[in-house]
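Visitor: As a plain string of letters, each chain reads:
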Amino acid sequence: MVHQPIRHDSAEKHVSGWALYIDDLPHPADLLHVHIGMSERAHARIVAMDLTAVRAAPGVIDVISASDIPGKNDVSPVAGDDPLFADGLVQYVGQSLFAVAAETEAQARAAAKLAEVVYEDLPPLITIADARAAGTVIEPAQTMRLGDASAAIAAAPHRLEGRLAIGGQDHFYLEGQIALATPREDGDVHVWSSTQHPTEVQHNVARVLGVRDHSVTVEIRRMGGGFGGKESQPALFAAAAALIAVRTGRPAKVRLDRDDDMVMTGKRHDFETAWSVGFDDDGRLAGATFDLASRCGCSADLSMAINDRAMFHCDNAYALPTAKIVSHRFRTNTVSNTAFRGFGGPQGMMGVERALDAVALHLGKDPLDVRKANLYGPAGVQTPYGQTVEGSPALALIEQLEASSGYRVRRAAILKWNAENRWLKRGIALTPVKFGISFTATHLNQAGALVHVYTDGSVMLNHGGTEMGQGLYVKVAQVVADVFGLDLDQVKITATATDKVPNTSATAASSGSDLNGMAALDAAGQIRDRLVAFAAAEFGVPPGRIVFENNSVRVGDTVLTFAELAKKAWFARVSLSAAGYYRTPKIHYDRTRHQGRPFLYYAWGAAVSEVIIDTLTGENRCLRTDILHDCGKSLNPAIDLGQIEGGFVQGMGWLTTEELVFDAKGVLKTHAPSTYKIPTASDRPGVMNIDFWHEPNAEPTIHRSKAVGEPPLMLAISVFSALTQAVAAAGDWRVMPDLDAPATPERILMAVDDVRRRAGLA
Amino acid sequence: MARDVVRFVLDGEIRELRDIDPTTTVLGLLRYDLRRTGTKEGCAEGDCGACTVALGELDGDQVTWRAVNACILFAPMLDGKALKTVESLGGDHPVQRALVEHHGSQCGFCTPGFVMSLWARGREDSPPPVADSIAGNLCRCTGYGPIIAAAEAVAPRATDDPVEALKALARDEPLSLNHAGRRWFAPKSLGDLAALIEANPDAVVLAGATDVGLWVTKQHRTLETIIHLGEVGELRTVSLTPEGLRIGAGVRYSDAWAALADLHPDLGELVRRLGSVQVRNSGTIGGNIANGSPIGDMPPALIALGATLVLRKGDETRRMPLEDYFLAYGKQDRRPGEFVEAVIVLPPVGLYRVFKLSKRFDQDISAVCGGFSLSIKDGHVANAGVAFGGMAATPKRAAACEAALTGKPWTEATIEAAATALERDFQPIDDMRASAAYRLAGAKNLLRKVFAESGGAAVRVLDAGPVDA
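Protein chains in written order, with the working numbering: chain X, -6 to 755; chain A, 131 to 599.
Honestly, I wouldn't trust all of these hints.
[Said to hold, decoys possible] In the DSSO-like style, the derived pairs of lysine-lysine whose C-alpha atoms are separated by at most 27 Å in a straight line are: (1) Lys461/A to Lys662/X; (2) Lys626/X to Lys485/X; (3) Lys662/X to Lys348/A; (4) Lys106/X to Lys348/A; (5) Lys560/X to Lys485/X; (6) Lys658/X to Lys626/X; (7) Lys348/A to Lys461/A; (8) Lys365/X to Lys409/X; (9) Lys626/X to Lys579/X; (10) Lys538/A to Lys507/A; (11) Lys658/X to Lys348/A.
In case anyone wonders, no lab produced these hints; they're calculated from the structure.
Let's have the full structure, built from the sequences with the hints guiding it.
Guide: So, in structure tokens, the structure goes:
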């Protein structure tokens, strides 16, 4: 049952169209459709907002703005700085000003256009450079130190420095943000919310309504994709729907279309990284400094933790003898950036990978040799944040991939090919990933589950994790079915709901299976222990001779069905319901010093990518990628393979075609798939070989598996590094390319022209 | 005798829509009126394919099925056709089983669209590579591998086609709707069409709705009168005439594709990369020209060939070089009551190339698209046709560049001079697709690319495979 490649629990429903997403639920007859009126300015005082015409428009039932909020005007995850409706001040284009509820979606949208808003513009800060110049931050710069990096760099035989800009990324979950609220008695409300964090939505809805948490129930069966974009972002839409529902006594739905979704919701942080390194003749680093600057947008959201994770991953898989990492979190008049698969980690890793490519070019070495010279070895080595990396498999993993991918032979062939081709150039790169697993805010590393066994032997499973396509539900169901020796179809997976399992953490940080799998194991285990105790007494058999398998229970020499045992236990007044709980052991972190053990363990992986570029146009392809990735002892290899491949391609999109463009006034110009280009099927590397690194987790995680949601995204850095190699080839390897991400055809062409100029070739 | 009820076939039965708002989308109709919620909205602009459905049309005694985007298809466009949605397949169709077995869904939201694209692919006699068939379906979860594997594993399967029902609908009178003063006409003859457009000069003339659909779903405009030319058989023909290849204004890209590819492989490749299967199954070259987009993927390729546009008003037609139709940004030389009837394309003689630059190869709008038609005699350029899209407010001929080429020796020095001349032809702008600098540099380099390739150099990344170890 566990470790088997079992298909997604909803696969049949997905392909047949029977899987219900929130917008697919039957419409109650009196449903109201809610549209949110948005700011047209990036930074302005609202001098006047006249909603008279909005209220008078056809079909309009209710219009609400800041002054109509009975509770607190805040839908933020942490800092209390995300108003549901702007109150006097707007801080980004697309900020929510008011909501209008009407009989139809079209009426609500048309009515919203009638608002008369008078703005008094304030100077907008749009870019990192703008905010840096103005000194606006969401919190003071943070610093992490290991030894004296500056001194080590100064004393090193060689020194290099550089900079790198890394673009943001829209989540582009296929299902946009949506919430459907239904009023209940006592002013209570039930909300279907497409969210990775039902508890946070519950808290925010209650806070806005001015009611206690127990008055709000939030439920979600499945999302049409999340990727971090439905962690903190759904609260605003849920709160607007809930407030309308409570005020009008009618169900209310907020459904964003693609453009509104892309304009109104936060994205992956864009970064600017400055790096410097000192190294020896082998490319072994003596020290490294990283200065990270990110665009956080107009509020804190989760930016503190995201930027912390960027700092945690500046070392990637490399043992830095000394390091200094400084992180600036800039506040801008753009939408507040948020969680996105990797949570700052990918941006953090990019600096050291660029630095190692530069070191290799400087020394005339194969970048793989420089990378291998710097890996964390099997012996314990300290990270810049004080955690010791034990038993690193990095070198063995990389060498296996190096051999299986034919890296050395292909690289030699590519160098020869490049010498023979004037206009097209190829590149190949192998980059590793080491990703820390656990929420870095220690208190979030807890989970609950609820398991019922009914008297017909059927099992109901519920837990705090949410299903966004990643296969969490089936993995946890496998764990529970395994406990009882049942087939998977005996376990009913039920929608995540705050009234079943309370006080949950977001399904985020790749932690879903680790946390909820263990909590469900605990719950199911409690019930099984009771059944064992009951059966042992009832049949006079020692507990060690009671076995659950094949939907049956062997009690000594007697075999009865699981249902029969459940029924007997119930007659004997044995409780067949249990709440399970888990908290991650060993972890601790002191954020004031940026020292501790934030992670229970690390997930490792590596990828080799081969690319080709057109030096006349910058057009490019990834031709082949080989991946070797560590999922521990995989709970479900089919699901994990899907996470690896999907994460890689999503990462490739981030680093190649996906470009967010804001104009000088802070208007997002790429707000739909016509202008924002995520990978299509043909962008997938023509050849893709994916394999697992088979080594059980050394930590006692659920069945010794490892988390897999985020780490594979960063395997795509191999593509970016390979593109960098190809650009370097265009300059005859004389100078290090200055290629920023995303590596669009435009950026590649400009980088090619730049290296040729600097190399004296043009 | 006009008819005011939309009639179409759904799962073998004729369905009727009465008093329907003509700009109701098929997606809206399915999800909210027919409660078939398997078809999803992902973008409402025909770019993500989550709303993919199949439309069946009678073709003799057979039904031809095409995948289309329901989100930008107006409900009256179902008239006379058969509609198939994911629900029509039950749940146990081979395509569905293959996707399940290959782990082809994760979040599942895009999946019904993929199911329908792959189902329609299964109906093709010689389907293209899978990636081309699903270029119009975005998946954010899987990375596409398992979907491609599923598609390759599934064999085409015949289905019961509603031939008789469609034949019955074919006998229907032309459709003429009036919903609270908002009108829809779908004449069946060229004469009726011309008369209607002349009588309603302010009407929106609609072909495939791949652009006009977005006026409704994105710009939320109200369209008062729509005249749909998709039912006019005379406009849906592609024919080789003494003047050249004549493509009627109602010809969809997918129907013109083979003929254009026969003219030149680069034209075929341009069509392959234009939109997606779903877009090409709805969109027309006539519409692409008529709407006057400054990018207009096809126009630069056709202008370089010296294409002629045929406009019609009532019984009168006039012709002009295609480039003359584009007067200024958003302004075309189309008189009130007039419409685009056809475009006539001359086959290339000599060296012909089309190169399109975009952030993504498939289903992306050009940053720059260049068409080059050069006849080279005795080592000299005898004639040069060069045109670009994305470089100006309209698709435009590069007159200075052409002059710099014409009569000159076919050498790198000439190419460099012609590249410099492009600076006189174009002052492109910065936008979200590309900077002005990239556009100009790219345009110059496309010229260099034509020259390099003519000398035998490899210049196309799409032709490359990995280096074998």
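Visitor: None of the hints should be skipped; say for each whether it holds.
Guide: Hints and how they fare:
no. : hint                 : result
1   : Lys461/A to Lys662/X : holds, 24 Å
2   : Lys626/X to Lys485/X : holds, 25 Å
3   : Lys662/X to Lys348/A : holds, 14 Å
4   : Lys106/X to Lys348/A : holds, 14 Å
5   : Lys560/X to Lys485/X : holds, 18 Å
6   : Lys658/X to Lys626/X : violated, 50 Å
7   : Lys348/A to Lys461/A : holds, 21 Å
8   : Lys365/X to Lys409/X : holds, 24 Å
9   : Lys626/X to Lys579/X : holds, 21 Å
10  : Lys538/A to Lys507/A : holds, 10 Å
11  : Lys658/X to Lys348/A : holds, 22 Å
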